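Generate the whole structure from the sequences, applying the supplied hints.
Read off the chains here:
There are 2 protein chains.
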Amino acid sequence: MKYILNGKLTSKENATVSVRDLALMRGYGIFDYFRCIGLKPLFIEDHLDRFFNSAATLRIPMPFSKEEVHQQVLKLIEENQVMDSTFRLILTGGYTEESYEIGEPSLIIYNEPAIEWNMQAYEKGLKLLTLEYRRDIPEVKTINYLMGIYQKVRLAEAGAADVLFHMNGKLSELTRSNFYIVDQNNVIKTAKDDVLLGITRKHIKKMVEGKYQFEETDLYLDDLKSAKEVFISGSGKKIVPIRQVEEQVFNNGKVGEVTKDLIEMFEDYSEAFVRD
Amino acid sequence: MKYILNGKLTSKENATVSVRDLALMRGYGIFDYFRCIGLKPLFIEDHLDRFFNSAATLRIPMPFSKEEVHQQVLKLIEENQVMDSTFRLILTGGYTEESYEIGEPSLIIYNEPAIEWNMQAYEKGLKLLTLEYRRDIPEVKTINYLMGIYQKVRLAEAGAADVLFHMNGKLSELTRSNFYIVDQNNVIKTAKDDVLLGITRKHIKKMVEGKYQFEETDLYLDDLKSAKEVFISGSGKKIVPIRQVEEQVFNNGKVGEVTKDLIEMFEDYSEAFVRD
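In order, the protein sequence lines correspond to chains A and B.
Each residue of the first sequence is one higher than the one before, counting from 89 in the numbering used here.
Each residue of the second sequence is one higher than the one before, counting from 89 in the numbering used here.
If you're looking for bench data, these hints aren't it; they were derived computationally from the structure.
Model, not experiment: these values are computed from the prediction.
Some hints could be false.
Put simply, identical chains are the same to the list, so a pair is met inside one copy or across any two.
Said to hold, decoys possible - Taking lysine to any residue and the SDA-like style, the derived pairs with C-alpha atoms no more than 20 Å apart in a straight line are: (1) Lys277 <-> Asp224; (2) Lys348 <-> Tyr238; (3) Lys294 <-> Ser153; (4) Lys293 <-> Arg264; (5) Lys258 <-> Lys277; (6) Lys240 <-> Val228; (7) Lys100 <-> Ile190; (8) Lys316 <-> Ile237; (9) Lys240 <-> Thr145; (10) Lys299 <-> Glu192; (11) Lys90 <-> Asp310.
The structure is reproduced here in structure tokens:
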């Protein structure tokens, strides 16, 4: 599998970054992540838009145009020839002789075979724990996932898959997913503040138009008590049902009808998208 | 200037880390930072203790013993022969074929000439802004300084040097410094929760024994109103007076007597420490 480092094809072994890069010294960098269906990247324009917005917000000078990065992605698809892969784009804070100044960034692109998601997750739903936490600059896809990885021992002990973030009881997102509640009237609700502007979230909203009501709104821990169904979304995992949050179980522990419907709709929607 | 990567002397150019390291992919890693007076590392046992504690808390397997890392530091001092340098130790979350699992870490050690701190800072004091924020896992020196670097534009616009963190008005620390208030009775107070356990902080406490009362306690934004003097500390900057926080000016904008005394005491204390 080839990687692309600063516009050039390279081996995995040579895909390295200086220890003087701000990504390593200060955790300062951004990334983005998307899926390919077969050899076709899904929602790539959205991901590139977000990636470039993330860079601009963190003031990291992007070394290539959007079109050039798009071409690099297509070049790597052609080179690696992996059906159904996932792509990672990383832009580092950059090489610096100082230790707190943005420097000359490195852009890394690679893909790998898509992980087979545990089918049980889709059939039985996942368990979540809660955590009072807000991601740094939530609307930006930074490389900082320190807290998520730190929580893994606690999650494993509880048989839980991830943490649901809140601040003073106001819900936002998971470490790597957006979060949704389906209420008793089948209205789909997702947090409007302090969340990553998920590409899957954006397309779910578009996809359900005319079929379900979709609200970006304030959600609280208390809203879980009356939730009919709960699910999460992400570019890799797509739509995954949530069975319980802490001790609160939804829909008697069964995947709800709306969630099931959305999972199916999203498969069709995504496949139609890459066919067009 | 040589670097040490995984126990071996190497050139700066060859001091690189794989883009598959969790430090780059997920901002997962730790570091530590200390000063040398001449060719003698200051408080190195404390820094190594903290560095090893940080690794243990984040469950990153340390590839060397404390004594081996100590020897590597001494080797680099011998090799680079820089008087008055500062050292950085970085331990990465490690190389991983997965994207969310701790892998085989890299340990990077390097030193560089100590930055000449702006003397004005010591004579006139710095201005701070405030920010509602808590560092991830505050007691650990992780590599995540994303928020601090992100705030730099806002700081520059306000002519301020750093942000003072608080949560709901409860003060903690700065991005890279501990924070102290000297009250009207010359009691030195520093936040007890949600702070990095600073090595300079530890030694200030020890140094002032018998001369000043030192309290690790809860401090609030409101306490700034009655503060006589304010200062910060860090391994590189030592003790630096704070002239104002937002619009609140301390001691009529002059460096206070206690702060001046501590700055002098700390010079003597540090020099005596490396002489022993």
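Tested hints:
1. When the C-alpha separation of Lys277 and Asp224 is checked against a cutoff of 20 Å, the pair qualifies neither within a copy, at 23 Å, nor between copies, at 28 Å.
2. Proximity of Lys348 to Tyr238 under the C-alpha cut-off of 20 Å is found in neither arrangement, the shortest distances being 32 Å within a copy and 41 Å between copies.
3. Within a single copy, Lys294 and Ser153 get their C-alpha atoms no closer than 28 Å, and across copies no closer than 55 Å, so neither meets the 20 Å cut-off.
4. For the homomeric pair Lys293 and Arg264, the shortest alpha-carbon distance inside one copy (18 Å) is at most 20 Å, but the shortest distance between copies (41 Å) is not.
5. In this assembly of identical chains, the alpha carbons of Lys258 and Lys277 lie at most 20 Å apart only when taken from the same copy (13 Å versus 33 Å across copies).
6. In this assembly of identical chains, Lys240 and Val228 lie within 20 Å of each other by CA distance solely across copies; the values are 17 Å between and 23 Å within a copy.
7. Taking the closest pair of Cα atoms, Lys100 and Ile190 come within 20 Å of each other only across two copies (19 Å); inside a single copy the shortest separation is 25 Å, beyond that limit.
8. In this assembly of identical chains, Lys316 and Ile237 lie within 20 Å of each other by CA distance neither inside one copy nor across copies; the values are 30 Å within and 42 Å between.
9. Taking identical chains as interchangeable, the C-alpha atoms of Lys240 and Thr145 lie at most 20 Å apart only when they sit on different chains, with a minimum of 12 Å there against 29 Å within one chain.
10. Taking the shortest alpha-carbon separations for Lys299 and Glu192, neither the intra-copy value of 48 Å nor the inter-copy value of 49 Å comes in at or below 20 Å.
11. Taking CA atoms no more than 20 Å apart as the test, Lys90 paired with Asp310 passes in neither setting, with 48 Å inside one copy and 57 Å between copies.
Hint check: violations occur at hints 1, 2, 3, 8, 10, 11; the rest are consistent with the structure.
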